[in-house]
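Asks: Here's the letter readout for the chains.
Protein chains: 2
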Amino acid sequence: METLTELKQQAQRQKDHVVSVANAADEEVLLAVKKAIEQSLCSFLLVGSKIEIEKLARTVELDLTKEQITIIHVDSNPSRAAVKAVHDRKADILMKGNVSTKDLLKAVLDKECGLRTGGVLSHVALFEIPNQERLVFLTDAAMNLTPTLQEKEQIINNAVQIARGVNISNPNVAVLAAVEVVNPAMQATIDAALLTQMQKRNQIKGCTVDGPLAFDNAVSRKSANHKDIYSDVAGNADILLVPTIEVGNALYKSFMYFAEARVAAVISGAKAPIVLTSRTDSSDSKLNSLSLALVSSKTF
Amino acid sequence: METLTELKQQAQRQKDHVVSVANAADEEVLLAVKKAIEQSLCSFLLVGSKIEIEKLARTVELDLTKEQITIIHVDSNPSRAAVKAVHDRKADILMKGNVSTKDLLKAVLDKECGLRTGGVLSHVALFEIPNQERLVFLTDAAMNLTPTLQEKEQIINNAVQIARGVNISNPNVAVLAAVEVVNPAMQATIDAALLTQMQKRNQIKGCTVDGPLAFDNAVSRKSANHKDIYSDVAGNADILLVPTIEVGNALYKSFMYFAEARVAAVISGAKAPIVLTSRTDSSDSKLNSLSLALVSSKTF
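Quick mapping for you: the protein sequence lines, in order, are chains E and A. So the first sequence is numbered by the working numbering: it starts at 203 and just counts up by one. So the second sequence is numbered by the working numbering: it starts at 203 and just counts up by one.
Isolated chain E, as found in the complex (with noise of 0.2 Å):
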């Protein structure tokens, strides 16, 4: 997959995906309902009030009669109840609403009718860069802060089963660091080499994992050439694992602004995929995070 167009594509194909929202009583949050079900993505779960549901409905013209919408009912915590119908099977993907992130994830965590497999939940984007031939993911920029080895582990396996969704069968991870060596007073370059051997090792599969890697290693062959790094990572990478949310952040922001990337991301690592667009997200962003969430919900 080549651009975040063909991602879209492929969730139109999939057929009967539910996406479950934590309040939906939102102009912007129905504006992105009403323009997922034109573009036939999947159908609707809108937990909320009915009434204020509906009233906003009106205003951005959305038809809720449509056979893709079912309103539930709610006169308390949405979040709760938006979970509790991905928990019992009655949709295959959760997205946020109107609530706050802090209040879904209470829910999703909870234990009796939560979404928690055990795991950490991580970040996943995805971008396309316009003058890169690949689309390269990168995780995590938004939730784990400086993850241990074993949530690296983690954060790895969960951006793995995201990849998956959208046909790498084994993708390529590039533990990123500020250099490609050993360096034992730069953590980033001890975690990458362990991440690494543990991939060769069986702990960690489904991928092909190399670090320590500068960011150009990464994604330039000849850049990984030039320091003699040979490996089916260097110059080749799926997944981008950067070491802290500085790191992943900064990098996000930058393909935005400064390479006019555009990005899909969604939250793995819970039973069901999780997206989390914001009220700042464009509506391309908010559609692609959507059709993301519905590729990969086959993997969960």
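Hints are computed from structural coordinates only; laboratory data are not their basis. Warning: the hint list may mix true and false statements.
One copy or any two copies: either way a pair holds, since identical chains are not told apart in the list.
[To be verified] Lysine to aspartate or glutamate pairs mimicking EDC-like chemistry, simulated, CA-CA at most 16 Å apart:
1. K237 - D265
2. K217 - E240
3. K429 - D483
4. K237 - E269
5. K424 - D483
6. K236 - E269
7. K236 - D265
8. K268 - E240
9. K424 - D434
10. K473 - E254
Guided by the hints, dock chain A onto chain E, whose structure is given.
Replies: Same frame as chain E, but now just chain A:
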């Protein structure tokens, strides 16, 4: 200044600047020297083995009899001799030739005839990004691994000095983190808030500091406004200060490989600017870096 081409033009308008090259016996280095002279940038002290320099000069068709060239023959330790020439005011700028960075910096830090000032040395890179209106500095992407608060203060001072060279009299310094709020679990946000207040108390001078800022708040006014952040720096940063080398290195490479940037870079913090171009740098980058060193040498 909006482009690195203007930077080079500013360097060309300066007269009588001399660059001391630590071991000029290298084809790539002599090619850069040749181009710099063709473009009327500066004069050179070529330190190293006279016989070897003469041999390689023939290979790259560099005329060593030009008035801009002086050869200083040494049998050994060209780093020390090149640094001493700057120490003795026979040259304004130090440039790495065919020596290791380690050897060069050892000579720079020599107590007797080195160039130390007592502060940290730091890497300062200036980028021209195709879709951005203004040039932006990034520091430190190469020298300091995990700088302390006091080291960050010095890294700011070092970058401000270079910014003055390109006629930014009071640069806006954005202290980057993954979020815009102080979070005790994220050291980058703590240091950012402290540096901001230190500048307000005149502990840091000659610039305006604001942080923590995420990358987008630093470079996009629209993004900053979305988060209700209003400051001289937000959306208007001249200098991006990163918390760790991992952030700096990844951003540097993402600018170059994904955003198709042009770059100029120097080492600041010694008694003169130091140019550390590497074999893999393009000819454009080398001359840009030399230009940045030339225009900023007046501030040392």
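Asks: At most 16 Å between C-alpha atoms: does K237 with E269 qualify within a copy, between copies, both, or neither?
Replies: within (15 Å within a copy, 70 Å between copies)
Asks: When no copy is named, should K424 and D483 be tagged within, between, both, or neither for a Cα gap of at most 16 Å?
Replies: Between copies, since 13 Å is at most 16 Å while 34 Å is not.
Asks: Regarding K424 and D434, is the shortest C-alpha distance of 16 Å or less found within a copy, between copies, in both, or in neither?
Replies: Within one copy only: 13 Å inside a chain, 40 Å across chains, cut-off 16 Å.
Asks: Checking an output row: K237 and D265, CA cutoff 16 Å. Within, between, both or neither?
Replies: within (12 Å within a copy, 67 Å between copies)
Asks: Is it within, between, both or neither when you check K429 against D483 at 16 Å Cα-Cα?
Replies: Between copies, since 13 Å is at most 16 Å while 38 Å is not.
Asks: Please sort K473 with E254 into within, between, both or neither, judging by C-alpha distance up to 16 Å.
Replies: Classified as neither: same-chain Cα gap 29 Å, cross-chain 67 Å, threshold 16 Å.
Asks: 16 Å Cα cut-off: does K268 pair with E240 within a copy, between copies, both or neither?
Replies: The answer is within: 11 Å in one copy meets 16 Å, while 72 Å across copies does not.
Asks: I want to check one pair: K236 and E269. Are their C-alpha atoms no more than 16 Å apart within a copy, between two copies, both, or neither?
Replies: For K236 and E269, the Cα distance is within 16 Å only inside one copy (12 Å; across copies 73 Å).
Asks: Give the relationship of K236 and D265 under a CA distance limit of 16 Å: within one copy only, between copies only, both, or neither.
Replies: within (8 Å within a copy, 71 Å between copies)
Asks: How would you classify K217 and E240 at a CA-CA limit of 16 Å: within, between, both, or neither?
Replies: Within. Shortest intra-copy distance 14 Å satisfies the 16 Å Cα cut-off; inter-copy 66 Å does not.
Checked against the numbered hints above, the structure violates only hint 10.
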